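The listed protein sequences derive, respectively, from chains E and G.
Under full-length UniProt numbering, the final residue of the first sequence carries the number 120; numbering is consecutive throughout.
Under full-length UniProt numbering, the final residue of the second sequence carries the number 303; numbering is consecutive throughout.
By construction, these hints were calculated from the structure, which means they are not laboratory data.
This one's a predicted model, so the numbers in the text were calculated from it and none came from an experiment.
Don't take every hint at face value.
The following label-pair restraints were derived from C-beta to C-beta distances [said to hold, decoys possible]:
hint : chain 1 : residue 1 : chain 2 : residue 2 : range
1    : E       : Gln-4     : G       : Val-65    : 25 to 35 angstroms
2    : E       : Glu-111   : G       : Ile-70    : 15 to 25 angstroms
3    : G       : Gly-77    : E       : Val-33    : 17 to 27 angstroms
4    : G       : Ile-70    : E       : Val-33    : 44 to 54 angstroms
5    : E       : Leu-80    : G       : Asp-5     : 44 to 54 angstroms
6    : G       : Ser-120   : E       : Ser-93    : 34 to 44 angstroms
7    : G       : Ile-70    : E       : Gly-109   : 38 to 48 angstroms
8    : E       : Arg-90    : G       : Leu-78    : 24 to 34 angstroms
9    : E       : Leu-30    : G       : Asp-190   : 53 to 63 angstroms
10   : E       : Ser-93    : G       : Lys-118   : 34 to 44 angstroms
Glycine is no exception: its CB is placed at the ideal position from the N, C-alpha and C atoms.
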Amino acid sequence: MEIQYDLQPKDIWATTKNSRIFSEKLRVRLSYVQFLFWPLGIYLVQVIFLLTDSVPVSFALTYPVFYTFIGAFVIGPLLLELLFYVQYKRFISKPKNLHNKKIVFQKGGCEFTTQEKTFL
Amino acid sequence: MKWTDVHQVIEDESYYFIYISDSKCFTIPKACMDVDTNEVVKRILGEHVIPYIQHHSQPISNTLVKIGVIFIISILGLLLFARWLDNSIYILEQDAYDLFVGIENNAKLDELSNLTLKESVILNEIQQVERKAYSISGKNQKQAELGRIEGLLYHANELLIDRDKIKRIFSREEGEYWKINNISVEYVSDYFMTISYGNLGANSPETERKVDYLKIEAHMVSNENADILFKEEELIKDTPTDLTEDKEIGIYGTFYQLHEGESPTNPNGETIGINDIADIYILVQWKNKMTDELQEEKIVFVP
Numbered sequence: 001m002e003i004q005y006d007l008q009p010k011d012i013w014a015t016t017k018n019s020r021i022f023s024e025k026l027r028v029r030l031s032y033v034q035f036l037f038w039p040l041g042i043y044l045v046q047v048i049f050l051l052t053d054s055v056p057v058s059f060a061l062t063y064p065v066f067y068t069f070i071g072a073f074v075i076g077p078l079l080l081e082l083l084f085y086v087q088y089k090r091f092i093s094k095p096k097n098l099h100n101k102k103i104v105f106q107k108g109g110c111e112f113t114t115q116e117k118t119f120l
Numbered sequence: 001m002k003w004t005d006v007h008q009v010i011e012d013e014s015y016y017f018i019y020i021s022d023s024k025c026f027t028i029p030k031a032c033m034d035v036d037t038n039e040v041v042k043r044i045l046g047e048h049v050i051p052y053i054q055h056h057s058q059p060i061s062n063t064l065v066k067i068g069v070i071f072i073i074s075i076l077g078l079l080l081f082a083r084w085l086d087n088s089i090y091i092l093e094q095d096a097y098d099l100f101v102g103i104e105n106n107a108k109l110d111e112l113s114n115l116t117l118k119e120s121v122i123l124n125e126i127q128q129v130e131r132k133a134y135s136i137s138g139k140n141q142k143q144a145e146l147g148r149i150e151g152l153l154y155h156a157n158e159l160l161i162d163r164d165k166i167k168r169i170f171s172r173e174e175g176e177y178w179k180i181n182n183i184s185v186e187y188v189s190d191y192f193m194t195i196s197y198g199n200l201g202a203n204s205p206e207t208e209r210k211v212d213y214l215k216i217e218a219h220m221v222s223n224e225n226a227d228i229l230f231k232e233e234e235l236i237k238d239t240p241t242d243l244t245e246d247k248e249i250g251i252y253g254t255f256y257q258l259h260e261g262e263s264p265t266n267p268n269g270e271t272i273g274i275n276d277i278a279d280i281y282i283l284v285q286w287k288n289k290m291t292d293e294l295q296e297e298k299i300v301f302v303p
């Protein structure tokens with residue numbers, strides 16, 4: 001059985017959302033970024049800036065905690081969403097990423113035909 | 001691709017997501033199939049692929065993402081605006097002008113003598129503007145502008161001191177062997193207190209000679225009779241000093257920066273203001289060749 005179809009932009013967004021739930025690799029990578037590298041990064045950047053301003057070390061270590069919290073749990077997730085959105089917009093801006101898809105179901109497997117790479 | 005090579009299949013209300021690896025996925029919208037085809041696809045995938053997961057996803061909406069994007073842009077905009085406000089020499093200039101009555105933009109430094117400080121201005125307001133000017137001075141290139149504003153602030157300080165300063169003179173009441181001119185106390189609430197002493201000179205034949213050792217202790221007595229030692233200084237210690245023929249020795253004044261938390265306090269830890277001082281006395285201890293043992297005199301000053 002052969003199915004030919006075109007994708008709509010909303011289908012690509014749905015793929016993004018689905019892969020963020022079911023792709024183990026993407027999930028782990030996002031967790032590292034969201035909960036480790038991003039908070040640690042913004043904390044360290046603030047500490048370094050404060051230390052170069054010659055403030056006391058205790059102040060330099062405690063002052064950025066609040067902003068790190070805001071950065072990690074408010075700005076970070078929104079920024080990540082923005083990055084996904086930009087990536088999605090770039091992907092759908094090329095028509096060949098959306099059109100002329102074909103899938104053939106056979107007895108032993110299936111065969112995909114696309115003009116371009118998949119979104120993920 | 002063989003069925004066994006398919007990583008997983010996820011089915012939700014609108015799609016089949018066929019994962020050929022953990023991070024590579026093909027999407028088949030159900031909308032592109034009729035009902036029968038859909039049933040067949042579902043049966044084929046269900047029979048051949050493990051795991052086959054049926055997932056009920058939330059309705060897809062880009063609205064939240066758009067709200068998020070607008071929110072981020074707004075926050076970034078606000079941060080940039082706040083940063084601009086922080087470093088804006090224009091705002092600093094306006095803050096400095098706000099301290100004076102009827103000042104015109106671009107007031108020249110040589111016109112400062114005509115400026116009048118607003119009655120409502122307090123020290124804290126001037127200090128806030130000064131702190132802002134200090135923080136900007138390292139970053140801003142308009143040093144000439146900054147210099148002019150710093151001149152304005154300096155003048156505001158002078159005007160505030162002239163306006164709020166309380167000055168009291170404490171005159172000598174008792175004292176036989178030593179003389180010190182009057183003690184003056186200048187005080188601006190929450191800003192500073194300065195206690196200035198005159199020179200110390202001999203006042204009798206017994207002290208009008210070479211002095212081997214001379215020490216003073218300055219005390220203030222509060223209205224509640226608390227005795228506060230606020231200055232202790234050895235004026236002559238190792239080198240004998242000649243105090244004959246009206247020669248005098250200077251005593252450095254005492255300066256409290258009240259806004260920095262320095263202030264004379266009574267034994268209960270309460271701050272002493274200028275109106276709390278009942279009198280001031282200075283204990284002079286000395287030794288010379290006539291008197292081998294340490295002599296002491298108390299010189300009292302009253303308002």
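Hints, verified against the model:
Remark: the range hint 25 to 35 angstroms for Gln-4(E) to Val-65(G) is upheld by a beta-carbon distance near 30 angstroms. As the Cβ distance of Glu-111(E) to Ile-70(G) is approximately 43 angstroms, the hint placing it in 15 to 25 angstroms is violated. A hinted range of 17 to 27 angstroms holds for the C-beta pair Gly-77(G) and Val-33(E), which are about 25 angstroms apart. Taken as a hint, the range 44 to 54 angstroms is violated for the pair Ile-70(G) and Val-33(E), whose Cβ atoms sit roughly 23 angstroms apart.
Evaluation of the 44 to 54 angstroms hint for Leu-80(E) and Asp-5(G) yields a failure: the beta carbon distance comes to about 31 angstroms. With their beta carbons about 60 angstroms apart, Ser-120(G) and Ser-93(E) fall outside the hinted range of 34 to 44 angstroms. A C-beta distance of roughly 45 angstroms is found between Ile-70(G) and Gly-109(E), which places it inside the suggested range of 38 to 48 angstroms. A hinted range of 24 to 34 angstroms holds for the C-beta pair Arg-90(E) and Leu-78(G), which are about 27 angstroms apart.
Between Leu-30(E) and Asp-190(G) the CB atoms are about 54 angstroms apart, so this pair conforms to the stated range of 53 to 63 angstroms. As the Cβ distance of Ser-93(E) to Lys-118(G) is approximately 59 angstroms, the hint placing it in 34 to 44 angstroms is violated.
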